[in-house]
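There are 2 protein chains.
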Amino acid sequence: MSLGDGTAALIVIDVQKAIDHPSHGERNNLQAENNMAALLRAWRDTGRPIYHIRHDSVEPESHYRPGQPGNEFEPEVRPLSGEVVIAKQTNSAFIGTDLEARLRQAGQKVLIVTGVITNNCVEATVRMAGNLGFETYLVEDAAFTFGRKDWNGTWRTAEEVHAMSLANLDREFCTVVVTNEVLEAVGR
Amino acid sequence: MSLGDGTAALIVIDVQKAIDHPSHGERNNLQAENNMAALLRAWRDTGRPIYHIRHDSVEPESHYRPGQPGNEFEPEVRPLSGEVVIAKQTNSAFIGTDLEARLRQAGQKVLIVTGVITNNCVEATVRMAGNLGFETYLVEDAAFTFGRKDWNGTWRTAEEVHAMSLANLDREFCTVVVTNEVLEAVGR
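Residue numbers (the numbering used here), protein chains in the order written: chain A, 1 to 188; chain B, 1 to 188.
Check each hint, because a few of them may be wrong.
The list treats identical chains as interchangeable, and a pair is accepted whether it falls inside one copy or across any two copies.
[Unchecked claim] Heads up, simulated SDA-like pairs for lysine to any residue below, C-alpha to C-alpha not over 25 Å straight-line:
(1) K149 - R102
(2) K109 - N120
(3) K17 - I50
(4) K17 - E172
(5) K149 - E135
(6) K149 - V186
(7) K109 - G96
(8) K109 - V58
(9) K109 - S57
(10) K17 - R171
(11) K149 - Q68
(12) K149 - M1
(13) K149 - L183
(14) K149 - I86
These are computed hints drawn from the structure, not numbers from a lab.
Work out the full structure: start from the sequences and follow the hints.
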């Protein structure tokens, strides 16, 4: 994998307390937050660029609404003072935000994407990142999702939903990698 | 469903001869092309706006490359003289094209999306359409996909891949409908 000569941007999507709400049900990748924390440490220690994406829902019932406890970042991924936080209101971190403009202006052409939910905001962002021409890596064990029914009513476990999303994305919109590959590339 | 007082735009994505190539394998929704043809007839007869999206691949090996027979539209959805054809080079019909600008300029806020492949270019376009604020309907029996392995190596039939994609999209990025609902709304 490429790290863009140090310019590869680490993007952490929507890892806020609302994600712990029991209504989400069964999840996969219980180690995902620790993996995100390890990537953040590596990025901070080597002075690489980090973008924290925060979902500021405008839906009245959402736990992600600003002012709700659920809007706060999870402790493992809390931005440090001075780090860039980009607020979004839709699924894709590229819509209604200046993320693309910031990346282009800084010459950051490689994106390392982590966060939640794999098949929702992560997938929406990765699909756009690839189509916008960024060299995009999705760190699959630094992301997670939840079980759900498919359109025909068949229950799919979180691991199945995750695996279908990754299959749709890999080699079409991004390259799927794991945390250890990224840490090795950074020299950790 | 809403048809935007006659301004709802019918969008047909990537229905070109390359989609018949046997390398794609088993597909679902064998009636999809006929359903698209029925929707096109209804849109033409009632003077509603139509956007034909054509994939002009830049990949050397792609059957969708301009100049290849696979680049030609399938007969059921061939544009009539004077109809709008928008060429794209990525998965999403909104990236690298003037589709959004045309829709906004014409005040067309409702989109009826059909075409191929459900979990690839159709899903990439629908995700962006919803996030860009368009009232978006995906006509699920006027779209289709192919069987494939998921990321864990489990084979998923075309119908399973289709059903997982629809579940990801419905009520998050669009409303999933069927052809007959749309035809009834048009009064056919």
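Status of each hint after checking the structure:
1. In this homomeric assembly, K149 and R102 never come within 25 Å of each other (Cα to Cα): the closest approach is 37 Å inside a single copy and 36 Å across copies.
2. In this assembly of identical chains, the alpha carbons of K109 and N120 lie at most 25 Å apart whether taken from the same copy (23 Å) or from different copies (23 Å).
3. Taking the shortest alpha-carbon separations for K17 and I50, only the intra-copy value of 20 Å comes in at or below 25 Å, while the best inter-copy value is 43 Å.
4. In this homomeric assembly, K17 and E172 come within 25 Å of each other (Cα to Cα) only across copies, at 20 Å, whereas the closest approach inside a single copy is 31 Å.
5. Taking identical chains as interchangeable, the C-alpha atoms of K149 and E135 lie at most 25 Å apart only when they sit on different chains, with a minimum of 24 Å there against 32 Å within one chain.
6. In this assembly of identical chains, the alpha carbons of K149 and V186 never lie at most 25 Å apart, being 38 Å within a copy and 31 Å across copies at closest.
7. Taking identical chains as interchangeable, the C-alpha atoms of K109 and G96 lie at most 25 Å apart whether they share a chain (20 Å) or sit on different chains (17 Å).
8. For a Cα distance limit of 25 Å, the shortest separation of K109 from V58 across copies, 20 Å, qualifies, whereas the shortest one inside one copy, 30 Å, does not.
9. Taking the shortest Cα distances, K109 and S57 sit within 25 Å of each other only across copies (22 Å), while inside one copy they are farther apart (28 Å).
10. Within a single copy, K17 and R171 get their C-alpha atoms only as close as 32 Å, which misses the 25 Å cut-off; across copies the closest is 23 Å, which meets it.
11. In this homomeric assembly, K149 and Q68 never come within 25 Å of each other (Cα to Cα): the closest approach is 28 Å inside a single copy and 40 Å across copies.
12. Taking the shortest Cα distances, K149 and M1 sit within 25 Å of each other only across copies (23 Å), while inside one copy they are farther apart (34 Å).
13. In the homo-oligomer, the alpha carbons of K149 and L183 never lie at most 25 Å apart, since the shortest distance is 35 Å inside one protomer and 28 Å across protomers.
14. Taking identical chains as interchangeable, the C-alpha atoms of K149 and I86 are never at most 25 Å apart, the minima being 31 Å within one chain and 35 Å between chains.
Of the numbered hints stated above, those contradicted by the structure are hints 1, 6, 11, 13 and 14, listed in ascending order.
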